[in-house]
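Letter by letter, the chains look like this.
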Amino acid sequence: SAVISQKPSRDICQRGTSLTIQCQVDSQVTMMFWYRQQPGQSLTLIATANQGSEATYESGFVIDKFPISRPNLTFSTLTVSNMSPEDSSIYLCSVEARAAARYNEQFFGPGTRLTVL
Amino acid sequence: KNEVEQSPQNLTAQEGEFITINCSYSVGISALHWLQQHPGGGIVSLFMLSSGKKKHGRLIATINIQEKHSSLHITASHPRDSAVYICAVTGGGADGLTFGKGTHLIIQP
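Going line by line, the protein sequences match chains A and B.
If you're matching positions, the first sequence starts at 1 in this note's numbering and goes up one per residue.
If you're matching positions, the second sequence starts at 1 in this note's numbering and goes up one per residue.
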């Protein structure tokens, strides 16, 4: 299994500022995924982050708005830049576990609840 | 892009009832996940399926690859089963997950 922690767990930010969310995994993983869940909505994939390469963004998400770092196999950050109230969401990181009995199982961090005023 | 449809959107049932949640998708996949999300937002993976059927305690998940359909069943439902149940699919590799809108389940005592 994989245990994932995220920081901060929640934050309230002012419009126009930026927030960096950290995701730490207790084991080495190749791919980490960042998702957003807007109020009352289901989750949407923002980007896939591989160690040593540029993150791959889904349609509707751009690097200037959501820069991602992946410096090693256990850590990633997502920055929400120049925030507006529409960015108020829960942001979750996720990994796939590829251990023998749990191939392809998904593990999710506890989420970062962001409110932009 | 895969379209994932879940039904019902909302379900209220009495304790002990047999619960079925359905999920259909539009494009072939490598795996389908059933996830549980509690009011605080935390998400737990219940099952990962690529074929057939899996059982864990009172939960059963089935998938029909030809029909692009999966079901999640809860036997002897209990108020602690109250949560949002989400179906998600992936084509594998770096695809990430595509999610259904979720089924909000309430089990009343």
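These aren't lab readings, by the way, just hints derived from the structure by calculation.
Wrong hints could be hidden among the right ones.
Said to hold, decoys possible - Below, computed lysine-lysine pairings styled on DSSO-like, alpha-carbon distance capped at 30 Å: (1) A/Lys-65 with B/Lys-1; (2) B/Lys-68 with B/Lys-55; (3) B/Lys-101 with B/Lys-1; (4) B/Lys-101 with B/Lys-68; (5) B/Lys-1 with B/Lys-53; (6) B/Lys-55 with B/Lys-101; (7) B/Lys-101 with B/Lys-53; (8) B/Lys-55 with A/Lys-7; (9) A/Lys-65 with B/Lys-53.
In this text the structure is predicted, and so the values were computed from the model without any measurement.
Evaluated hints:
| no. | hint | in the structure |
| --- | --- | --- |
| 1 | A/Lys-65 with B/Lys-1 | holds, 23 Å |
| 2 | B/Lys-68 with B/Lys-55 | holds, 20 Å |
| 3 | B/Lys-101 with B/Lys-1 | holds, 15 Å |
| 4 | B/Lys-101 with B/Lys-68 | holds, 17 Å |
| 5 | B/Lys-1 with B/Lys-53 | holds, 25 Å |
| 6 | B/Lys-55 with B/Lys-101 | holds, 23 Å |
| 7 | B/Lys-101 with B/Lys-53 | holds, 23 Å |
| 8 | B/Lys-55 with A/Lys-7 | violated, 34 Å |
| 9 | A/Lys-65 with B/Lys-53 | violated, 41 Å |
Checked against the numbered hints above, the structure breaks hints 8, 9 and satisfies the rest.
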